Structure formats: structure tokens, C-alpha cells
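Here the protein sequences line up with chains A and B, keeping their order.
Heads up, the first sequence is in numbering that gives the first Met the number 0, so the first residue is 0 and it goes up one at a time.
Heads up, the second sequence is in numbering that gives the first Met the number 0, so the first residue is 0 and it goes up one at a time.
In case anyone wonders, no lab produced these hints; they're calculated from the structure.
Nothing here was measured: the structure is a model prediction, and the numbers come from that model.
Idealized CB from N, CA, C, for every residue including glycine.
You may find that some hints are simply not true.
Incomplete in silico selection of chain B near chain A, CB under 7 Å [as the list claims (entries may be wrong)]:
hint	residue
1	GLU37
2	PHE40
3	LEU183
4	LEU260
5	VAL267
6	GLN269
7	ASP271
8	GLU273
9	ARG276
10	GLY279
11	ASN283
12	MET320
13	PRO324
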Amino acid sequence: MTTLTLSNLSVGYYGRLVLRDVGLDVRAGEVVALVGPNGAGKSTLVRAVSGVTPISRGMIRLDGADVLRLRTSERARLIAVVPQATHLPEAFTVAEIVMMGRTPHLPLWGGEGRRDCAVAWDAMRRTSVEALAERRVDELSGGERQRAVIARALAQEPRVLLLDEPTAHLDLKHQVAVLELVRSLAHAHGLAVLATLHDLNHAALYADRVALLAGGELRAVGAPADVLTATHLSAAYDLSVSVIPHPTYGTPLVLPDGRG
Amino acid sequence: MSSPHPLTPSPVQEVRERERGDDLQQTPLDARLASVPEEVFRPRPMARALFGLCLAALLFAVLLGVSVGAVSIPVTTVAHLLLARLSPFPATLNYPEMFSTILFDIRLPRVALMGLTGAALSAAGATYQGLFRNPLADPYLVGVASGAGLGATIIISMGLPVTGLGLMAVPVGAFLGGVLTVGLVVMMAQVGRTTPVTTLLLAGVAVGSFATAITTFWMLRSPDGMRRAFSWLLGGYAGGGWQPVWIVLPYLAVGLIVLQLNTRALNVLQLDEEQARQLGLNVNRLKLILVGAATLMTAAAVSFGGLIGFVGLVVPHALRMLGGPDYRRLIPLSALGGAAFLILADLIARTMFAPQELPVGVITALTGAPFFILLLRRLKRSVF
Numbered sequence: 000m001t002t003l004t005l006s007n008l009s010v011g012y013y014g015r016l017v018l019r020d021v022g023l024d025v026r027a028g029e030v031v032a033l034v035g036p037n038g039a040g041k042s043t044l045v046r047a048v049s050g051v052t053p054i055s056r057g058m059i060r061l062d063g064a065d066v067l068r069l070r071t072s073e074r075a076r077l078i079a080v081v082p083q084a085t086h087l088p089e090a091f092t093v094a095e096i097v098m099m100g101r102t103p104h105l106p107l108w109g110g111e112g113r114r115d116c117a118v119a120w121d122a123m124r125r126t127s128v129e130a131l132a133e134r135r136v137d138e139l140s141g142g143e144r145q146r147a148v149i150a151r152a153l154a155q156e157p158r159v160l161l162l163d164e165p166t167a168h169l170d171l172k173h174q175v176a177v178l179e180l181v182r183s184l185a186h187a188h189g190l191a192v193l194a195t196l197h198d199l200n201h202a203a204l205y206a207d208r209v210a211l212l213a214g215g216e217l218r219a220v221g222a223p224a225d226v227l228t229a230t231h232l233s234a235a236y237d238l239s240v241s242v243i244p245h246p247t248y249g250t251p252l253v254l255p256d257g258r259g
Numbered sequence: 000m001s002s003p004h005p006l007t008p009s010p011v012q013e014v015r016e017r018e019r020g021d022d023l024q025q026t027p028l029d030a031r032l033a034s035v036p037e038e039v040f041r042p043r044p045m046a047r048a049l050f051g052l053c054l055a056a057l058l059f060a061v062l063l064g065v066s067v068g069a070v071s072i073p074v075t076t077v078a079h080l081l082l083a084r085l086s087p088f089p090a091t092l093n094y095p096e097m098f099s100t101i102l103f104d105i106r107l108p109r110v111a112l113m114g115l116t117g118a119a120l121s122a123a124g125a126t127y128q129g130l131f132r133n134p135l136a137d138p139y140l141v142g143v144a145s146g147a148g149l150g151a152t153i154i155i156s157m158g159l160p161v162t163g164l165g166l167m168a169v170p171v172g173a174f175l176g177g178v179l180t181v182g183l184v185v186m187m188a189q190v191g192r193t194t195p196v197t198t199l200l201l202a203g204v205a206v207g208s209f210a211t212a213i214t215t216f217w218m219l220r221s222p223d224g225m226r227r228a229f230s231w232l233l234g235g236y237a238g239g240g241w242q243p244v245w246i247v248l249p250y251l252a253v254g255l256i257v258l259q260l261n262t263r264a265l266n267v268l269q270l271d272e273e274q275a276r277q278l279g280l281n282v283n284r285l286k287l288i289l290v291g292a293a294t295l296m297t298a299a300a301v302s303f304g305g306l307i308g309f310v311g312l313v314v315p316h317a318l319r320m321l322g323g324p325d326y327r328r329l330i331p332l333s334a335l336g337g338a339a340f341l342i343l344a345d346l347i348a349r350t351m352f353a354p355q356e357l358p359v360g361v362i363t364a365l366t367g368a369p370f371f372i373l374l375l376r377r378l379k380r381s382v383f
């Protein structure tokens, strides 16, 4: 079973360590939510795994192979990233953007073949953007853009999917749609999914496991009920919180103790 | 240690998900292949129509360019002469010898050189617009123009004879000046093993300004050469028959081939560099290849034609607005369109105030101004 393993991962910028000795597993078929306060290092972790940010110490392995030793195109065939707030050039259509996801599979010369078209179309159907195929990306709503970018990531036929704040700037309806999509990609299609989420209640509802990152260190990893506790969260967020069971689902429901 | 997922889907959701899952999981790939609407991924019909249009425009420009002039040669005569020259059979023609001379020794090489120059500048301009992700970029941004200008001015001031090898001295000086300057700019712009576009731009401006300053100083030092250098800087046809054409052609051909091979990557680069890297592109290598190919083409074009402006800016920009942002079509379209544009501009330059010839750079600048005013009005209407 495909597993992404991070061991003793440390990442630093300009002499300062942003991530310290992080160890984490993400297995095929599960959604791991990475949560924590701003500046905890969540985006840094995603960028380190995708090869954009160099690491200072540690290993990132996919099924035993060192991810960072791979060529960029090989890595892109295994790991796909849905970044936060993606910039998309306005004049391209959704179909053209999704087809860019085939880049790591295409030779230097020559165009896209029938299989590439099929994979791209598949990806668009899974994310329900096939009806938008010929629309320009600057005409899309935030939710539609996000799904188009997820389709692009799926077109890479990856084994691991990394999402950085996939629900940022989306309204509630679209947040739920994206989260359900992400969950189905792991459960129904067998991807190993790591998603950074700012909303703890979303993490509780949609993730199989939660990793709490604060100050560059992993404070807790495990089932939502074990990680999203008042003790852990107060320490991580420096805020007094109450955690109660969700009335319908029984998952942890995090309520900040605000007014006082 | 995973607990069963607490979020049980509603019955409706369950059925939907099962249908979708079945549909995509159990159907074999071949069956799915049959249902893919491939036309969604094919080039837009507008771009294809545009190819025909640009080819027609080029043909029109060439025919007009060779037939119009101080001695006007009818188009039918041109066609006859061309066919006769190209056919393996000897033909007897009743046209005056003068027509043949003018066509083959004077007009055709001029049109050919202007066409190659326009194609090179336009394709290079499109490339820079893609590299900098800015539709206002032109091929002169990274310093090739200022460097070529400096090279040419130094050679001109040396006062070499204008015949034989001396004729080649200015273009060689310009070419070397352009290429060396860009090489210096790229070296200055390196950060570790990457070449960020921001440092590339700044270094280009810095070195370019310096080269221009030295050029002006040099020109002032030798007032005789100044007139000639100034004329060269404005851009235009400097004679030379077929020789310049055979020299520029390989640079254009190689440059265009290299660029075309990298157009799909150039499309992906339009996202941003981080996304391009995450999609598997070797972004640094790509940038260096693009700058290299575009610089060679521009330096070759500029070395004989001087600093003709606006072709590399206006033509790709207009074609992008008409044909879409896909560089796989935009590069060849820019080459065709640029060739037609410059041939026509040169035609106007030499006939408008006949027998005096204007520098072609003046005509291209005259088209640039209304183009940008149009853009400005469009922008105002759409945004404000």
C-alpha cells in the first residue's frame, strides 16, 4: 500500500528552523488533515514534500524511495499539489489547464495522445467540471476554479495528493463540496491525501487522522477525537477552547472560549 | 487505529456516489476513451483560421513588396519571372532585362531580409512575453538591443571601408555586442542555481542603460560616424543583396525550432514558476533555453536591420488577442505575422516620401502608438 513517510524532517529559512523534526505517515486511502495556528509550518511542509522548498535534515520517502532525489518530472508523476490561492493565467480554458496536469507524462516533442485526453476528461468528471471545459478560467467562481485545479492535479495520475488550504476563500457550500470531493478521492479512488486545513471542525468531520502542528513541531497525530482535545488545542493555539461531541456525528466540535 | 468514519452519507448521496464510482471504476479504459469529447482538447478553430489569414497576409505582402517601387513591376510579370526562375526548363521571356534584375537582385533579397527580421523579432517578442508573463515585454528587455547598438557604434566609429569584409563588420559587431550583453545580464541575474525573472529584468535594464550611455558617449566622440550610427540605430534596410539573408536564415530557423519544441512548457510556465515546478518542469533550464534562443534570433535580426522597435511588441500582442494564449500556435503565428508586418512597413518606408527612404523603425513606431491607444481605451472601458 502506498505510503508517504516523513521522518525527522527539518526545514529552515535563513538560519531559522521553521519545521523541527517532523515525522508523519500518510497512507493510500486516507485523508490526513494538517492543522495548527498560522506560521506553524503547514504550508512549508507541503512545499517541502513537493520539492519546492529545500529541506535541512530528514527524509521524505514514498514507498521507500527518496522523493527529493527524484527528477522533477518523476516526482510530479507521484505527487500532485493543489496550492493555496493558485494563480491561473486568465485566457486559458479549463480543459487546457487540466491538460497541463499531463505535463510530467508527456514527452518533450509531440502532443497529447488519446490516453492523455481520456485521463484529463476523467479528472474533470471526477471533480464535476466537465461542463466547464471550454470556459475561460477567469470566468469561473472560486469553487469552480478550485475544482479545476484539483482536476489538474488528478490528471497527473498521482499516488499522493497534497492540498494547501483547499477551502480558503470559498463559501460554505463550496467548502463542503471540496471537502467531500477530497474525501472521496482518498476513500473511493485510493489516493494518499494530506490537506492543510484552518477549520478544525472540518478536519474533525472529513479527515481520517489529524496532525497538529504548532511552532514547527508536531504536537499530536491520530484520530480526530484523540488529537482535537481541549488540552492539545489550548496549548497549540494559546487560546482557551471547549471541545464537545458533535450532536449528529459524535466527532469533536471545537468551540473557542471567546467572550469573557 | 482508524475508527469508522462518522459521517454517514445520506441515502441520496450514497446512490449518487455509488453510480459515479461504478461508472469510473468498473468501465474499462477503452470504453471510457470512446466517450471522451476530444475536440475539447484540440486547438481552437479561431487559431486555425488565423494561420490561413497570416499566410495569406504574408503572400500578399511579398507580392506587393516586390512589385511596388520606383519601377513598378506588374504582379503577373513577377509571377512569370518567379516561375521561370524556379522551373528547370529554360524559358523565353519578353520582359526587359531590368525587371529581372530589380526583382531578383534588389527587391526579393530586401523583402526576404525584412521578412526574416520581422519573423525573428516577433517570435522573440512572443517568447519574452511568455517568459516574463507580461504582454508588454519586448525582445529588447534583457539588453540585446543596447548591446548590439554599442557593438555597431564602435565598429562604425572605426571607419572601416564599407565594401567586402567591411560590410560584414557592422553586423558582426552588433551580433557580438548583443549576445555578449545578454550573457552578462544572465550571469548577473543568477541567484544560486536559479534565474528569477525579476533579477533578469533589473539586470537587463541596468546593463542596457549602461550600454546606451556608452554608445551615446562614443557617438559624440566621433561626429562623422555619428550620422551613420544614428541611422543604424533607427533601423532599416542597409543593402547587401542576398548575403545577409543567407546569414540570418540559419539563426532564425534554429531559433524557431528550439522555441517551438518548448512551447508546451512555455504554456505551463504561464501558471507560476512554483506550479510549473510542481508539474514536473525543469524551470531554470527552460528559462535559459528560451532566453538563449530568443536572443540569438533577435541579435541576428538586429545586426542587419538595426533596432526596429514595436514589431516584437505589437504583433504578438495582437495575435494573442485574436488567437488565444496557446504558445504552440502563437510562436509560429507571430513569425508569419511579424514577417508580413515588417515587409509592409518597409514598403511604406521606401515609397511614402520617394525617392527618400525613411528608416523603417519610424513606420513601426507610427503603428505602435495607435495600437496602444486602442489598448488603453479597451482597458478603460472594461475595468473602469
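We went through each hint and held it up to the structure:
1. GLU37: 5 Å, holds
2. PHE40: 5 Å, holds
3. LEU183: 28 Å, violated
4. LEU260: 6 Å, holds
5. VAL267: 5 Å, holds
6. GLN269: B/GLN269 check passes; min Cβ-Cβ to chain A is 4 Å, inside 7 Å.
7. ASP271: 5 Å, holds
8. GLU273: This interface hint holds because 5 Å falls under the 7 Å limit.
9. ARG276: Check passed: Cβ of B/ARG276 comes within 6 Å of chain A, closer than 7 Å.
10. GLY279: 3 Å, holds
11. ASN283: Violated. Min distance 10 Å.
12. MET320: 9 Å, violated
13. PRO324: Because about 4 Å separates B/PRO324 from the closest Cβ in chain A, which is inside the 7 Å limit, the hint holds.
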